[in-house]
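Q: Assemble the complex: chain S is given as a structure, and chains W, A, P, B and R must be docked to it using the hints.
Protein chains: 6
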Amino acid sequence: MNTRADNELRPTTIEPIASAAAGHVMISQGQTRVICTASLSTDLPPWMLPRDGGPATRGWVTAEYAMMPGSTPQRKRRGGDSRGTEIQRLIARVLRAAVDLERMPGVLITCDCDVLVADGGTRTASITGAYVALAQALLTARHKGMIENDPIDTPVAAVSVGIVDGRPVLDLDYPLDVNAEVDMNVAMNGRGEYVEVQGTAEGAAFCRDRLNALLDLAEAGIGRLLEVQEGAIQNAKFKMQNAE
Amino acid sequence: MNTRADNELRPTTIEPIASAAAGHVMISQGQTRVICTASLSTDLPPWMLPRDGGPATRGWVTAEYAMMPGSTPQRKRRGGDSRGTEIQRLIARVLRAAVDLERMPGVLITCDCDVLVADGGTRTASITGAYVALAQALLTARHKGMIENDPIDTPVAAVSVGIVDGRPVLDLDYPLDVNAEVDMNVAMNGRGEYVEVQGTAEGAAFCRDRLNALLDLAEAGIGRLLEVQEGAIQNAKFKMQNAE
Amino acid sequence: MNTRADNELRPTTIEPIASAAAGHVMISQGQTRVICTASLSTDLPPWMLPRDGGPATRGWVTAEYAMMPGSTPQRKRRGGDSRGTEIQRLIARVLRAAVDLERMPGVLITCDCDVLVADGGTRTASITGAYVALAQALLTARHKGMIENDPIDTPVAAVSVGIVDGRPVLDLDYPLDVNAEVDMNVAMNGRGEYVEVQGTAEGAAFCRDRLNALLDLAEAGIGRLLEVQEGAIQNAKFKMQNAE
Amino acid sequence: MNTRADNELRPTTIEPIASAAAGHVMISQGQTRVICTASLSTDLPPWMLPRDGGPATRGWVTAEYAMMPGSTPQRKRRGGDSRGTEIQRLIARVLRAAVDLERMPGVLITCDCDVLVADGGTRTASITGAYVALAQALLTARHKGMIENDPIDTPVAAVSVGIVDGRPVLDLDYPLDVNAEVDMNVAMNGRGEYVEVQGTAEGAAFCRDRLNALLDLAEAGIGRLLEVQEGAIQNAKFKMQNAE
Amino acid sequence: MNTRADNELRPTTIEPIASAAAGHVMISQGQTRVICTASLSTDLPPWMLPRDGGPATRGWVTAEYAMMPGSTPQRKRRGGDSRGTEIQRLIARVLRAAVDLERMPGVLITCDCDVLVADGGTRTASITGAYVALAQALLTARHKGMIENDPIDTPVAAVSVGIVDGRPVLDLDYPLDVNAEVDMNVAMNGRGEYVEVQGTAEGAAFCRDRLNALLDLAEAGIGRLLEVQEGAIQNAKFKMQNAE
Amino acid sequence: MNTRADNELRPTTIEPIASAAAGHVMISQGQTRVICTASLSTDLPPWMLPRDGGPATRGWVTAEYAMMPGSTPQRKRRGGDSRGTEIQRLIARVLRAAVDLERMPGVLITCDCDVLVADGGTRTASITGAYVALAQALLTARHKGMIENDPIDTPVAAVSVGIVDGRPVLDLDYPLDVNAEVDMNVAMNGRGEYVEVQGTAEGAAFCRDRLNALLDLAEAGIGRLLEVQEGAIQNAKFKMQNAE
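Chains as they are written, first to last, in this note's numbering: chain S, 1 to 244; chain W, 1 to 244; chain A, 1 to 244; chain P, 1 to 244; chain B, 1 to 244; chain R, 1 to 244.
Think of the hints as simulated: they come from the structure by calculation, not from any bench. Please note that a few of the clues may not be correct.
Identical copies go unnamed one by one, so any copy, or any two together, can satisfy a pair.
[Stated by the list, open to error] Derived DSS-like pairs: lysine-lysine, alpha-carbon spacing no greater than 27 angstroms straight-line:
(1) K76 x K237
(2) K239 x K144
(3) K144 x K237
(4) K144 x K76
(5) K76 x K239
Next up, chain S with everything else stripped away, as it sits in the complex (with noise of 0.2 angstroms):
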């Protein structure tokens, strides 16, 4: 049924999703889909406004991450849990890798990644469609003269490898992903350097070597997302501009 290559991604799409945010997209990565929106507010969190009371000199991306009832086969019940919570703080962190805050003062940026099917990969997939929600939010910011500059700094995207039945495998899906000895989740930014390295050996411990090969799978996916969030942002800067 699978018939990837091992060093194959899964058909990849990003696309408009109705929304009331400022960024919207569904991501399709094989089966997994997932809604990203990203909303735009200038409520920024207490510990960042300044002690003074004066404007603050710095804004905030945040993200929010949840799996939809009818996403699993078996109905997955609402509400955090500490998987969702883990994975929520990995993809905030990616995300704020992207962007100089310093030149978003004062704005509030929450990505929100709700599942709506899941067949492995959901945590990198939300990753690399938030960051085009995240792109078109601030889009809209300076649209609207929230910002003066264009505060994204470079493009981060995300992929999963691991190693199943003893060879690496890029882009697991669900049957993959429960076979994987390792499991890996790698974020690299648009100069192909590493923002984020989470291997976790599953079920044996791998050596050097195999880390390595995962590391170069990763690479190379990586690069095939960033072209498809150019697409995509590409597209939503057009129908912005014929907006107007």
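A: The following block gives chains W, A, P, B and R in isolation, referenced to the frame of chain S:
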């Protein structure tokens, strides 16, 4: 901007959406969008199980309702509130009026209504959409041999009506809803009977004549929604048969 | 045992009860007993305060509803549930329909309805009793000089009606309520207008004629409840004047 | 205003109150009013059930304490706090000292103490009143054949004492309690023995002589409370016999 | 195994322990071990702040108590329970009786008592140990110039006593505590006055003579604990001076 | 002040600490101190029990992590947060990589890591210390006859590495951690394989060469930590044998 006649529904469609659940549609009513999924299970709530340990003689239908964070221009915080609790109790009650629970022994169906865009009428759109997801899930249950007979007794649909600027109006969008003096949600079945009538004087109390005018409007609107539902269910049946 | 006529109210009294709150009555309707107190405060909820820091131009009325542990033969566990949440939202909406909030600027009244004995109709008895406690608390507020004019616009009262064994019945006690095919709660004001209509098909949906019969019964019952309220308020005024 | 002698109890009565619970009284001690109900059940807490699945050899008595929202001039928010938790643990311990749990196998009695008006001494009034409700519930349990013998070993009652303006005083109301340097709650049984002694130096620590003077006052007050309890129980027995 | 005399304390030491808090000791009493830290802060609880926005005229001392998971042979689940809540309220009350809060304006000290090994008497050991941590923290506060004068009025210490096999016993370890018919916790100050007396009949109520015998035992034990505290404080002062 | 070489561990010891748990050590790494206990139980989590009611064929290892209130100069509030949740998931995953769960059927070991002093590297010190407590608890389990064979497959230890001022540094204390551009936690087993690699770009993303340099540092540091663990376990075995 709102050039609908007072007795006209907003454009309404019910389309399939990707999901791992047995039933899965997105209902669009004007700008409002609700993702409705229906998950199939045999884990009945403990209070439904016979005390003697024998097999359950009835099934159950329940519902959950949530607004997604990007559903409103100002981001909607996740997590239940009292309004949501009240709405999901309403949805579940109406859906249960559509089925004969004794014809689905041991089967639990949970209908999840997640509002993607909130532009008024989300609770009634949830009912109308969730009924279709429920019907799909019951088809699947029969297809899998979990139940023998069709438990559906009659379709159900719902619509909001209200008094705006002194005039009775059908299917309030958000700007109309905010200005309504009276807000009423009506759910009816395929036999033209009431399943639920909830009328609230937001600004001014209303007399019997106005109540009657609102009920007339609702009846006409629900008639048209039942047709949209029927079309969506026929499409689903058609796909299911071709998939065999 | 139940020898009432179908269109007869259960015996209903509204008496003072010891309390430290400004308004305080116990309503008895058949076996049902609800302790209704109305507490006076100037701590408006934050969202009601003007953004400019100036004085509030309106007041607020809110309500809480709870069943006391000994209110049912099987002890009722403390702590809110979704049913209670829905009921207290209803009570508060109806009470607010009785007053002109702009005539009570800066004043918050919280009406607490604690069910001492639950034998059906606790939510409508709560409304009927809490209106009296609210009126007492407003008298106290004027007496203390917290408000200048009487904010009451019209009294409000509520009653339950239902279809039992195929017949429309007024003021359901618990045994009737359990057997009702349709259960409807109606709140009306002193001008004979509807404030809230909530009809639910528990067993079988209902046609328009039945709805009309239920509304007729409710109107007659509420008329009599308004008289009981008026007597209780006159008593309270009389005591207050004599206490001076 | 307070013209009681330092060694005089406030006027105290224990009267029946409407309830669906097996035991149900209202105790009035000065302005303080507590509704005490005792609910009968056979649902023992899981930790009391024998591991071998056999029948329970003991019963249990537990208690809950809450202040009703209208019990204080400034409305009391609902929901437990640490003070309430501590009080209900105390009430339950003292009530259990009144009974032989082995003479009520498989029976759970939950005593609920809901403060209607709080004017000092609510925890000790709760104990004194709840004992009567407990005794009523045990009468009912015997009457229903749930237990064979009377589990009551000795009555229990409680009172507060304190040092105010340097003088030992019995049964503190709220104004006295606020000014007390030492606050002590004493619970004793019908044999003149201590069940609980809780003395706290609010302002100044106290020497042995003062402790003894407080214990003397408490002993005399509890003696009178035991008589009030006895009268209330005899009334309840009389009604129960006449009801047969 | 327990060869102590009935009026003998278990071996008791109070030693420094590594910490980032201003005060930090471990008290060992027999096998029982409690880590007591006292953290210094100027964030007074909101209810202590003067309404006029001026500087606080008083300080505050509060306490928290928790059993560490490894403190009992069967692992102790984390998270507060009602027993812990009651204990920490007791600890805080007794510690506040040691200081003049007006001599520490604007200073908050939080004493944390974490039980490393629980072998009976953890609440009284917590009081005895926490007083030393509190005294250290106040030394630090003076050293830092946060307060001018020594706020300590008198030391406080506490011990448990009980009736076991009919005999009054000092300082109950867990096996003794389990078998005690009466359990009493006594806190006294350096002037031989009572700060708190909490006696509970676990099995059998107790007469006045027994109460007096227990108070005599407690007084002698607390006298010895005050000496251990004094030694630990002198050591801390000595180290602090040498560190300058 | 920090005169360590960049590739030098902080002074590290693992010592026994008083506890009622089967395994119990305190690890000190520089100023950081973590109390690690391992509690033995046969209460497996419900999801591990075979559906057929037969005996469990596997055991389980879980972990909890908490910072004690006095662990930081500004008092750390009790109660879990998302950071703690993420850390305890990491600790548990790494510990499970050390054992063959099928060689400890029916046994649950809960490792608690309570941070006494937090000066950087608390999560990796928790892993290193908890492994020793786990090993002790397994020795006890064998000693008690709860398991037959040694379930340990390989030891595990962890260390943090990071890039500070552009240089790769081993074992970051708090001041170094705050200034680190990249922060990486590495866990390895006794065969030199990776169990977990978690690298995060705090400030600037990092290239492959830097990643490799960090991995080299971690490998050397973990080698030395495995020796410290081995010494602590030999001591524990020695004591256990002499205690027999």
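Q: Indicate, hint by hint, whether the structure satisfies it.
A: Verification of the hints:
no., hint, in the structure
1, K76 x K237, "between (36 angstroms within a copy, 26 angstroms between copies)"
2, K239 x K144, "within (16 angstroms within a copy, 45 angstroms between copies)"
3, K144 x K237, "within (14 angstroms within a copy, 47 angstroms between copies)"
4, K144 x K76, "between (38 angstroms within a copy, 21 angstroms between copies)"
5, K76 x K239, "between (36 angstroms within a copy, 26 angstroms between copies)"
Checked against the numbered hints above, the structure breaks none of them.
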